[in-house]
Amino acid sequence: MTAVLEAHGLGKRYRRLWALADCTLSIPAGHVVGLVGPNGAGKTTLLSLATGLLAPTTGTIEVLGGPPPASPAQLARVGFVAQDAPVYAGLPVTDHLRLGAHLNPGWDAELARDRIERLDLDPGQKAGKLSGGQRAQLALTLAIAKRPELLLLDEPVASLDPLARREFLQDLMESVAEQELSVVLSSHLVADLERVCDYLIVLVGSRVRVAGPVEELLATHHLLSGPRRDPDTLPAGQQVISASHTDRQSTLLVRTSDPVLDPAWTVSEVGLEDLVLAYMSQAAGRGRRNHHLEVQK
Amino acid sequence: MVIEFHLDGRSGVAPYLQLIHQVRQALRLGLLREGDQLPKVKDVAAGLAINPNTVLKAYRELEYEGLAAARPGIGTFVTGTLAGASLAAHGPLRRDLQRWLAKARRAGLDDESIEALFISTFRSAAEEDIA
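Protein chains in written order, with this note's numbering: chain A, 1 to 297; chain B, 1 to 131.
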């Protein structure tokens, strides 16, 4: 399968600060990709590099087979909604659609009209008077009606109330089913994305910590609990993501493609949220953890 | 639409397995019959706000089990059944169960006790069958 987004050693530096560093990714087509990480992790930087709004400091990025923004033709194949769903506050809804039709060669006017109708948006209403949910839906309509192959959404649901959030995701999933488009959407909350994404990228501290199909990630991460033990004594194939210890017990989240056979461990499955949190705390506590652990040998 | 799916976010069961379970359940209860069309992938994805691939995966699994078949461009249809000849017996059995439930409540059992009693009896009966 071809990659919709491919990055090699991609980095972006602002003065002395690396917003994104050493990012190597290959996202296959046909997925809904969750880009998850805390605020300031580099999610917006990665999406801005993917749209060509930013140029990389190091490395390369290719979107739909070319470095963005390669050409107007390539831009026409990518839809992008920036954070907080920017719209023109002074323009009515209908003018947004007219603008979309003028600026996008593949504009699907019927789809745009149908969506606005279904969403019950008043075409004469100025966009600045819309609610947060309506504004997000208008921005999504514009991005979808250009009929992109890849849709990039930066924190699309962060500012929405739970009902608007659900409606937005329902609409997005319907479009994915209808148009077979690939989507990358970022969020600092994995719970928002759990049901919709089938591919996950965890970005913390400007670095990609883990990336892959959700199913594969869930199948290769396990929670082990058992008598206290030094994580360094685990088999070579078991990579420790997070570890916590009491006087007697150790609880480890490990990544391994082999089954865990050691009978000392009670093995349980890991949910997506726990998995993401483990990578986040690993990134936060790197280098500190070993000092806390005094294993009795 | 013949059946409508729902998801339990706290169950810890993967969404695609929940969909499969609900189809099997509906087949067992006779709510779904051979020839019925399963909800369209697009409608399930939009209704539950889940990834369409999750629905496709559930439907493929049902196809693999011989319970459903996809007709390209139209949808996925039920081709098998789980209720079988026993479906006719459901009515009387349900009435027996209702009588038993009423009896249990009169004896002062709450929901949790009823469930515990049923499951432990069910398990020990199953073990006796094996032995």
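Keep in mind the hints are simulated off the structure, nothing from the lab.
One thing to keep in mind: the hints can contain errors.
Restraint-style ranges between C-beta atoms, simulated for each label pair [to be verified]:
#1 B/94 - A/106: 54 to 60 Å
#2 B/112 - A/205: 44 to 50 Å
#3 B/3 - A/91: 39 to 45 Å
#4 B/124 - A/260: 30 to 36 Å
To give an idea of the chain A side of the interface with chain B (calculated C-beta under 8 Å), a few residues [as the list claims (entries may be wrong)]:
#5 99
#6 103
#7 174
#8 178
#9 195
#10 197
#11 217
#12 259
Since the model is a prediction, treat every value here as computed from it, not as a measurement.
Think of the CB as a built atom: it goes at the ideal place given N, C-alpha and C, for glycine as much as any other residue.
Against chain B, run the beta carbon of residue 99 of chain A and see if the smallest gap drops under 8 Å. This hint is violated: residue 99 of chain A lies away from chain B, its Cβ roughly 27 Å from the closest one there, beyond 8 Å.
Verify the CB-CB distance for residue 124 of chain B and residue 260 of chain A against the hinted window 30 to 36 Å. The hinted range 30 to 36 Å holds for residue 124 of chain B and residue 260 of chain A, with Cβ atoms some 32 Å apart.
State, for the Cβ atoms of residue 94 of chain B and residue 106 of chain A, whether the hinted interval 54 to 60 Å holds or is violated. About 56 Å separates the Cβ atoms of residue 94 of chain B and residue 106 of chain A, which means 54 to 60 Å holds.
Would the stated hint for residue 217 of chain A survive a check requiring a Cβ distance to chain B of less than 8 Å? The hint is violated - residue 217 of chain A has no Cβ within 8 Å of chain B, the shortest such distance being about 13 Å.
Chain B contact restraint for residue 259 of chain A - C-beta distance below 8 Å: With a minimum Cβ separation of about 19 Å from chain B (threshold 8 Å), the hint on residue 259 of chain A is violated.
Can the suggested window of 39 to 45 Å be confirmed for the beta-carbon pair residue 3 of chain B and residue 91 of chain A? holds, 44 Å
Quick check on residue 174 of chain A please, does its C-beta sit within 8 Å of some C-beta on chain B? Holds, because the Cβ-Cβ distance from residue 174 of chain A to chain B comes to roughly 4 Å (cut-off 8 Å).
For the hint on residue 197 of chain A, does the least C-beta distance to chain B fall short of 8 Å? Nearest chain B Cβ about 7 Å off; hint holds.
Whether the CB-CB distance between residue 112 of chain B and residue 205 of chain A falls inside 44 to 50 Å: holds, 47 Å
May I ask you to test the interface hint for residue 103 of chain A with respect to chain B, counting a Cβ-Cβ separation under 8 Å as satisfied? violated, 28 Å
For the hint on residue 195 of chain A, just tell me whether its beta-carbon gets within less than 8 Å of chain B. holds, 4 Å
Mind checking the CB of residue 178 of chain A against every CB in chain B and telling me if the closest is under 8 Å? Holds, about 6 Å.
When held up to the earlier numbered hints, the structure conflicts with 5, 6, 11 and 12 and fits the remainder.
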